[in-house]
Amino acid sequence: MAKLQRGESECELEKAVRVSVEMSDSSEDEGPEEVAFEESRSAALKSEEEKLQAAKREKELLKEKRRKRQQFFQEQKKKRLLSDTLLEEFDTVPQKQKKLSDDRDEEKDKKQQKLTKSKKKKASRSLQGNCSVMRLKDESADSSMQQSAMDFIQARLYGSGTLRTTNAELLSLEKKRGVKKGAAVQFVNKKWGAEQKAKAEKSNKRFIHRQKLITT
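Counted from 1, the sequence shown has number 304 at position 59 by our numbering; the numbering is strictly sequential.
Quick caveat, the hints were computed from the structure, so don't treat them as lab data. You may find that some hints are simply not true.
Computed Cβ-Cβ distance ranges for the label pairs, DEER-style [to be verified]:
hint, residue 1, residue 2, range
1, 405, 446, 30 to 40 Å
2, 351, 320, 43 to 53 Å
3, 355, 400, 51 to 61 Å
4, 356, 324, 39 to 49 Å
5, 310, 347, 32 to 42 Å
6, 326, 303, 30 to 40 Å
7, 454, 405, 53 to 63 Å
8, 292, 325, 45 to 55 Å
9, 360, 325, 51 to 61 Å
10, 454, 389, 30 to 40 Å
11, 318, 287, 39 to 49 Å
12, 352, 395, 49 to 59 Å
13, 318, 282, 49 to 59 Å
14, 362, 387, 46 to 56 Å
All values derive from a computational prediction rather than experimental measurement. Backbone N, C-alpha and C fix where the C-beta goes; we use that ideal spot for every residue, glycine too.
Please build the complete structure, drawing on both the sequences and the hints.
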């Protein structure tokens, strides 16, 4: 394409040189001396070639600028893509870690559920042979019935309308009302202190010793 344009420009240049030579030949007053056709042709070709070289250089510069601009855009695009991929990787890393932790927790929960189920099965098997199951409602009803029965027995045997007394009071009454009067046996109370217990045991020994002497 450049060669074709160059050939066309050379043809036009030759035509222009011929016209200028003819005009210079026809007008003797306007130009100085007659210039040779070859010199004018070479000068015109040289100037035209310089123009072509300048246009070529300008095209090459434009082409280089376009290439650099395209390269710059591609580099920017690569950098942008790289940053996007890095951001995606940074975003996916915690998600992956979270997913792994969730999977581990889920596996632990499953194992724990299996262990609890197996323990329950073992416990139920052992209970079948040795123990019986009772509801809390039934147990509370039984305990209330037992308590009411105990309260009834206590009221019937030791209530206000019954003529009951303790052994110590009965013995003391017998000693007071009997033929051979004397001090009754003192029964040791667990709530007494060590000194009171010792005194009661001492008085009981004396009472027993006296009874033996009287009988003999």
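Hint check:
no.	hint	result
1	405 / 446: 30 to 40 Å	holds, 34 Å
2	351 / 320: 43 to 53 Å	holds, 46 Å
3	355 / 400: 51 to 61 Å	holds, 60 Å
4	356 / 324: 39 to 49 Å	holds, 48 Å
5	310 / 347: 32 to 42 Å	violated, 55 Å
6	326 / 303: 30 to 40 Å	holds, 34 Å
7	454 / 405: 53 to 63 Å	violated, 40 Å
8	292 / 325: 45 to 55 Å	holds, 49 Å
9	360 / 325: 51 to 61 Å	holds, 52 Å
10	454 / 389: 30 to 40 Å	violated, 52 Å
11	318 / 287: 39 to 49 Å	holds, 46 Å
12	352 / 395: 49 to 59 Å	holds, 56 Å
13	318 / 282: 49 to 59 Å	holds, 53 Å
14	362 / 387: 46 to 56 Å	violated, 32 Å
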